[in-house]
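Asks: Each chain is listed here by its residues.
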Amino acid sequence: DAKTTQPPSMDCAEGRAANLPCNHSTISGNEYVYWYRQIHSQGPQYIIHGLKNNETNEMASLIITEDRKSSTLILPHATLRDTAVYYCIVRAPPSLGGTASKLTFGTGTRLQVTL
Amino acid sequence: GAVVSQHPSRVICKSGTSVKIECRSLDFQATTMFWYRQFPKQSLMLMATSNEGSKATYEQGVEKDKFLINHASLTLSTLTVTSAHPEDSSFYICSARDIQGYGYTFGSGTRLTVV
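Residue numbers (the numbering used here), protein chains in the order written: chain A, 14 to 128; chain B, 553 to 667.
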């Protein structure tokens with residue numbers, strides 16, 4: 014799986030948009046970009062994933078550059094409950110019905126949302 | 553959505569004893585489950601991949617005789633920490649992949665303290 018690079022920490026004021034960058038310059042054609050977050054002392058929570066088009070769901074938006082070498086996770090209106098470590102993971106999707114391959118976590122970005 | 557239940561959430565045991573952690577997929581079948589370990593202020597480290605009906609695959613440096621994994625059904629995997637020592641104290645997290653989809657769902661984690 015391609016390696017990712019994320020800033021170790023970021024701060025964001027409550028109510029403002031949080032933009033979390035991720036570099037994945039060695040991403041290959043069939044690899045997706047996944048984002049998870051881990052709130053303190055809990056298991057990771059899936060946020061969003063995408064291949065090359067921008068994606069949006071109820072939690073966040075994912076913007077992937079045209080060359081796919083970097084992406085940005087956007088939390089449009091951050092709240093204190095969004096304080097967590099955010100992980101960007103790049104990997105090929107497991108084949109439907111086939112053996113699932115592992116999800117490898119990097120060091121992530123620790124997002125602190127403040128009043 | 554898919555839910556993974558992990559028990560216990562916290563356990564304290566004496567050095568030399570064994571501890572079993574259960575990971576259940578509640579509303580889906582999981583042919584593959586993953587076990588992670590996380591030390592304070594560090595990222596998740598994959599310990600092993602558990603496949604239903606076959607032997608688990610352990611990551612390099614993880615002792616298979618110390619961390620026993622059983623995946624006897626499509627909804628249950630267990631991790632047994634045998635002859636636990638204080639250095640085994642950690643946060644253990646399981647993850648399961650829905651055989652009908654592409655997502656990885658995580659349990660809430662087990663905080664193990666060996667005294």
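Keep in mind the hints are simulated off the structure, nothing from the lab. Note that CB positions come from ideal geometry on N, CA and C, so glycine has one too. There could be a bad hint or two in this list.
As the list claims (entries may be wrong) - Covered, in the sense of this in silico footprint (three residues per stretch, anywhere, with C-beta under 8 Å from a C-beta of chain A), are these stretches of chain B:
(1) 596 to 605
(2) 616 to 623
Claimed, not checked - Below, computed lysine-lysine pairings styled on DSS-like, alpha-carbon distance capped at 30 Å:
(3) K115/A to K65/A
(4) K616/B to K115/A
(5) K572/B to K16/A
(6) K593/B to K115/A
Unchecked claim - In silico negatives: residues of chain A with every beta carbon more than 12 Å from chain B:
(7) P20
(8) A30
(9) S41
(10) R81
(11) I87
(12) H90
(13) D95
(14) T120
Asks: Does K115/A sit within 30 Å of K616/B, going by the straight-line distance between their CA atoms?
Replies: Measuring from Cα to Cα gives roughly 18 Å; hence the hint holds.
Asks: Confirm or reject the statement that T120/A sits farther than 12 Å, beta carbon to beta carbon, from all of chain B.
Replies: Given a closest Cβ separation of 5 Å, the condition is violated.
Asks: Closest CB-CB distance from D95/A to chain B, is it above 12 Å?
Replies: Its Cβ never comes within 12 Å of chain B, the nearest being 18 Å, so this holds.
Asks: Do three or more residues from the region 616 to 623 of chain B put their C-beta atoms closer than 8 Å to C-beta atoms of chain A?
Replies: violated (count 0)
Asks: Non-interface claim for I87/A: all C-beta distances to chain B beyond 12 Å?
Replies: holds, 21 Å
Asks: Hint check: K115/A vs K65/A, CA-CA at most 30 Å. Holds or violated?
Replies: OK: K115/A and K65/A at ~22 Å, within 30 Å.
Asks: Is H90/A truly not at the interface, in the sense that its beta carbon sits beyond 12 Å from all beta carbons of chain B?
Replies: Per Cβ check, H90/A is outside 12 Å of chain B; nearest 22 Å; holds.
Asks: So is R81/A really clear of chain B, every C-beta pair being over 12 Å apart?
Replies: holds, 18 Å
Asks: Can you confirm whether chain A covers the region 596 to 605 of chain B, using C-beta to C-beta distances below 8 Å and requiring at least three such residues?
Replies: Satisfied; 5 residues make the cut.
Asks: Was A30/A rightly flagged as not at the interface, with every chain B Cβ beyond 12 Å?
Replies: Fine: 25 Å to the nearest Cβ keeps A30/A off the interface.
Asks: Below or equal to 30 Å on CA atoms is what counts here, so check K593/B against K115/A.
Replies: holds, 22 Å
Asks: Quick one, are K572/B and K16/A close enough, alpha carbons at most 30 Å?
Replies: violated, 33 Å
In this structure, the hints that do not hold are numbers 2, 5, 14, in rising order.
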